[in-house]
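K.L.:
Spelled out, the chains give:
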Amino acid sequence: MLKRAQALFLSLLSLVVSLPLAGSAAAESAARQLNMPQGVTEVSQAAYDIHMIMMWICTVIGVGVFGFMFYVMYAHRKSRGAVAENFHENLTVELLWTIVPTIILIVMAVPATTALMKVYDTQNPDIDIKVTGYQWKWQYEYIGEDVKFMSELSTPLDEVYGRAPKGEHYLREVTQPLVIPVGKKVRFLITGNDVIHSWWVPDFGVKRDAVPGLFTSAWARTDKPGIYVGECTELCGMGHAFMPVVVEVKEEADYNEWLAGKKAEAAEYAQTIGKQWSAEELMVRGEEVYDRSCSGCHQPDGNGIPGVFPALKGSPIALGPPEGHIGVLIHGVPGSSMQSFADQLSEVDIAAVVHYERNAWGNDVGDVVQPVDVLNYKQSQ
Amino acid sequence: MAHGPAKGIGRWLFTTNHKDIGTLYLWFSFAMFLLGGFFAMVIRAELFQPGMQLIKPEFFNQMTTMHGLVMVFGAIMPAFVGLANWMIPLMIGAPDMALPRMNNLSFWILPFAFAILTSTLFMEGGGPNFGWTFYAPLSTTYAPESVNYFIFAIHIMGASSIMGSINIIATVMNMRAPGMTYMKMPLFVWTWVITAFLLVAVMPVLAGAVTMMLMDINFGTSFFNAAGGGDPVLFQHVFWFFGHPEVYIIILPAFGVVSQIIPTFSRKPLFGYSSMVYATAAIAFLSFIVWAHHMFTVGMPIAGELYFMYATMLIAVPTGVKVFNWITTMYKGSLTFETPMLFSIAFVILFTFGGFTGLMLSVAAADTQYHDTYFVVAHFHYVMVAGAVFSGTAAIYYWLPKWCGRMYNETMGQVQFWVAFIGFNIAFMPQHFLGLAGMPRRYADYGLQFADWNMVSSIGAFIYGGAQLMLLYNVIVTIRSGAPTSEAKTWEGAEGLEWTVATPAPYHTFSTAPEVK
Numbered sequence: 121m122l123k124r125a126q127a128l129f130l131s132l133l134s135l136v137v138s139l140p141l142a143g144s145a146a147a148e149s150a151a152r153q154l155n156m157p158q159g160v161t162e163v164s165q166a167a168y169d170i171h172m173i174m175m176w177i178c179t180v181i182g183v184g185v186f187g188f189m190f191y192v193m194y195a196h197r198k199s200r201g202a203v204a205e206n207f208h209e210n211l212t213v214e215l216l217w218t219i220v221p222t223i224i225l226i227v228m229a230v231p232a233t234t235a236l237m238k239v240y241d242t243q244n245p246d247i248d249i250k251v252t253g254y255q256w257k258w259q260y261e262y263i264g265e266d267v268k269f270m271s272e273l274s275t276p277l278d279e280v281y282g283r284a285p286k287g288e289h290y291l292r293e294v295t296q297p298l299v300i301p302v303g304k305k306v307r308f309l310i311t312g313n314d315v316i317h318s319w320w321v322p323d324f325g326v327k328r329d330a331v332p333g334l335f336t337s338a339w340a341r342t343d344k345p346g347i348y349v350g351e352c353t354e355l356c357g358m359g360h361a362f363m364p365v366v367v368e369v370k371e372e373a374d375y376n377e378w379l380a381g382k383k384a385e386a387a388e389y390a391q392t393i394g395k396q397w398s399a400e401e402l403m404v405r406g407e408e409v410y411d412r413s414c415s416g417c418h419q420p421d422g423n424g425i426p427g428v429f430p431a432l433k434g435s436p437i438a439l440g441p442p443e444g445h446i447g448v449l450i451h452g453v454p455g456s457s458m459q460s461f462a463d464q465l466s467e468v469d470i471a472a473v474v475h476y477e478r479n480a481w482g483n484d485v486g487d488v489v490q491p492v493d494v495l496n497y498k499q500s501q
Numbered sequence: 009m010a011h012g013p014a015k016g017i018g019r020w021l022f023t024t025n026h027k028d029i030g031t032l033y034l035w036f037s038f039a040m041f042l043l044g045g046f047f048a049m050v051i052r053a054e055l056f057q058p059g060m061q062l063i064k065p066e067f068f069n070q071m072t073t074m075h076g077l078v079m080v081f082g083a084i085m086p087a088f089v090g091l092a093n094w095m096i097p098l099m100i101g102a103p104d105m106a107l108p109r110m111n112n113l114s115f116w117i118l119p120f121a122f123a124i125l126t127s128t129l130f131m132e133g134g135g136p137n138f139g140w141t142f143y144a145p146l147s148t149t150y151a152p153e154s155v156n157y158f159i160f161a162i163h164i165m166g167a168s169s170i171m172g173s174i175n176i177i178a179t180v181m182n183m184r185a186p187g188m189t190y191m192k193m194p195l196f197v198w199t200w201v202i203t204a205f206l207l208v209a210v211m212p213v214l215a216g217a218v219t220m221m222l223m224d225i226n227f228g229t230s231f232f233n234a235a236g237g238g239d240p241v242l243f244q245h246v247f248w249f250f251g252h253p254e255v256y257i258i259i260l261p262a263f264g265v266v267s268q269i270i271p272t273f274s275r276k277p278l279f280g281y282s283s284m285v286y287a288t289a290a291i292a293f294l295s296f297i298v299w300a301h302h303m304f305t306v307g308m309p310i311a312g313e314l315y316f317m318y319a320t321m322l323i324a325v326p327t328g329v330k331v332f333n334w335i336t337t338m339y340k341g342s343l344t345f346e347t348p349m350l351f352s353i354a355f356v357i358l359f360t361f362g363g364f365t366g367l368m369l370s371v372a373a374a375d376t377q378y379h380d381t382y383f384v385v386a387h388f389h390y391v392m393v394a395g396a397v398f399s400g401t402a403a404i405y406y407w408l409p410k411w412c413g414r415m416y417n418e419t420m421g422q423v424q425f426w427v428a429f430i431g432f433n434i435a436f437m438p439q440h441f442l443g444l445a446g447m448p449r450r451y452a453d454y455g456l457q458f459a460d461w462n463m464v465s466s467i468g469a470f471i472y473g474g475a476q477l478m479l480l481y482n483v484i485v486t487i488r489s490g491a492p493t494s495e496a497k498t499w500e501g502a503e504g505l506e507w508t509v510a511t512p513a514p515y516h517t518f519s520t521a522p523e524v525k
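So the protein lines, in turn, are chains A and B.
Residues 121 to 501 (the numbering used here) are what the first sequence spells out, left to right.
Residues 9 to 525 (the numbering used here) are what the second sequence spells out, left to right.
Everything labelled a hint here was simulated from the structure, so no lab data went into it.
All values derive from a computational prediction rather than experimental measurement.
Even glycine gets a Cβ: it sits at the ideal position worked out from N, Cα and C.
Check the hints yourself; a few may be wrong.
Derived coverage of chain A by chain B (criterion: at least 3 residues anywhere in the stretch with Cβ under 8 Å from a Cβ of chain B; other residues may be distant) [as the list claims (entries may be wrong)]: (1) 155-167; (2) 178-190; (3) 193-205; (4) 466-472.
Quick list of the computed label-pair ranges, beta carbon to beta carbon [said to hold, decoys possible]: (5) B:L477 to A:P285: 28 to 38 Å; (6) A:G424 to B:G312: 39 to 49 Å; (7) B:I310 to A:E265: 25 to 35 Å; (8) B:P309 to A:Q165: 22 to 32 Å; (9) B:Y481 to A:E368: 32 to 42 Å; (10) B:F46 to A:T222: 57 to 67 Å; (11) A:G440 to B:I63: 26 to 36 Å; (12) B:I297 to A:G447: 21 to 31 Å; (13) A:E209 to B:I467: 43 to 53 Å; (14) A:F207 to B:T508: 17 to 27 Å; (15) B:F227 to A:K395: 40 to 50 Å.
Construct all of the structure, not just a fragment, from the sequences and the given hints.
P.N.:
Put into structure tokens, the structure is as follows:
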């Protein structure tokens, strides 16, 4: 019985010892990764280094302590005729095993402190990006560039619920990734809109809580272009597992081109607000928006979840005057999980989704809500 | 001998007998353990594969929340209060607890608290879904209606814990047998006294936190609402000022149990008794000044982060002292490996392993990566399950013969141990890898790269769950048809007053105080 315990323990130990080897092989693909990623920034490297130092110290102490323990369990068993001695204290030994660990800890504290200084070194950034956590998506705003967009999960619900085969990037893909250039110090100013979220990119060693009413900051600078995937790590409601972080690091020229494209998009969009949309166009766009931003709570069939999220099908607001309906989207419902979408959705999207909700699942108001109505509503507030 | 127990259900409803109340606590906590375990099985079944198969994400969140709450407040804490009720009077030579009627009350409000808490699952809008740490504003502005019932239940549990603790403190301070000086008390009694002081100190803090929530939700205050001038981070400070001592509340009595069992099966006195007492006190003190290490990613100033990191690392010192003492107790003993000893040794190994990961977590820079991932889940299950639950199981096998006058089946006990030990490690060892590879905790669904280890972990969890049914079976079979034993001293190497009374322990013991030399 004891031998089995020993064998099992040794196999566990060897697993732990083999961690670093497994980790280095899996730098690119996260598949079957066992260890912390080394990542691509100074901070992630520092976190990895101190992690490895700690793990090795613990492993060495563990081998020593447990090795001695297993020796005792083998040598001093009654079945081998061991007779118990009666000693029960020894001041020297007791002092020693208080003082030695204290010294080891002080030694550990030195690299631990240096590593932490790196995490906090957020001064003098080249680019500032504001990151806002929403239930359940991220908004990225390039400060001073007039570029702002939402980044949401793009994995279809059918894949989640097993109605379609899961793609390669299941839950690791978004509508628009955050894009940053190589070689620039990027500072992330992180906050939350509703509940607390946490913005994590393992390969950057960046994890900071997105707390409503508070800004936290973190930074990254990398020379390796690529796509880096992270997650929300603070429980934020039912969509917690469904708001990944995707960051694309581009060469500087590509980044500038991308940024210029974004600005042009914004300018182009400004013109569509004034355009008259047809009911069909609004329905198509509205359904897209609804599936992405509303169906999580109000459900794809508009029935909501009784007691938690109200039904939109047959709801007095959806069937009432359009101003009231637009108002709910612009202001949210204070004290409930219905948040304001004024900042999350464009006027076109709000108009489309309002139109859709008024004319889907048997709701048949029949009126047409135009983007300009939303703009007018906003301006009248 | 005055009289035996009353007949019928009245015996249990109105009892003021410490043994009856201890039994009630133990059965209640086991029932909660199975309930919380059932929630865990639902979680692991859903996580068996990527994608949502069995339940919806909002129900998944209710399961993780209820699993945590029921296990911490319903299973582990009452289990150790039950052990305290049974064993402390027997260990210090007292006829009963100091405040027997309050003892009855502190138990009997618990079933109501958990009935209220569990009933929320059936309410419109569902039960608590904000995690057992219930961070605001997810637990206030964004909470389901049932949060008010949750708050009420927490208040009742807190009242129960405070009463139980006052009782233990009063008993130990006033009712020790002549000659039983403080430094002669069994270590289980010592760890419980210190735990009781921790409980009295921090339960009101928890009550304060939930009361502030109640005000925010119903009376328009803004303690935790940034829009009204409050601060969501304040909630975390208040919660963890309770929450960190809480984890020591859970583990200290477990230390006590193991410190009773290892000497018995080593046939040798506990090594370093007084340093054990001081280490326990040191851990208790440190537990008050390290709370914000749960909040390393919340954006504290670096000075605060450094302080909490250093203070947290310090805990390794007294904890290390304890581990060294246990091992040195075994050194040059005469060891046998009955079921209680097997669980205790597994406790020492796995708890120490959890301590190592705890030390790694204390390093704030690395915690940036570990925080809120499965690495943390693995860490605290190593200290809570392999710590508190293994120790509680060891205690049951160790004292069961004394309680009911029947011996459990040693083979069955050892089989249960190995199933539990192997199942536990299969369930939780892979969670370290999941966390390091980037899987956050409280995720209802995950990317495909995490599929393999999640499946392994789920299989281990099912095995471990099965082991608990074996424990239940073993206990019931022992009580009904175990081999009768009347030896006062069940175990050859056992020392202490509890082994001087008859077996099974009579309804009233130490009506005249024993003399301790």
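K.L.:
Would you mind marking each hint as holding or not holding in the structure?
P.N.:
Hints, one by one, checked against the model:
| no. | hint | verdict |
| --- | --- | --- |
| 1 | 155-167 | holds (count 7) |
| 2 | 178-190 | holds (count 7) |
| 3 | 193-205 | holds (count 9) |
| 4 | 466-472 | violated (count 0) |
| 5 | B:L477 to A:P285: 28 to 38 Å | holds, 37 Å |
| 6 | A:G424 to B:G312: 39 to 49 Å | holds, 43 Å |
| 7 | B:I310 to A:E265: 25 to 35 Å | holds, 29 Å |
| 8 | B:P309 to A:Q165: 22 to 32 Å | holds, 24 Å |
| 9 | B:Y481 to A:E368: 32 to 42 Å | violated, 56 Å |
| 10 | B:F46 to A:T222: 57 to 67 Å | violated, 44 Å |
| 11 | A:G440 to B:I63: 26 to 36 Å | holds, 35 Å |
| 12 | B:I297 to A:G447: 21 to 31 Å | violated, 50 Å |
| 13 | A:E209 to B:I467: 43 to 53 Å | holds, 45 Å |
| 14 | A:F207 to B:T508: 17 to 27 Å | holds, 25 Å |
| 15 | B:F227 to A:K395: 40 to 50 Å | holds, 48 Å |
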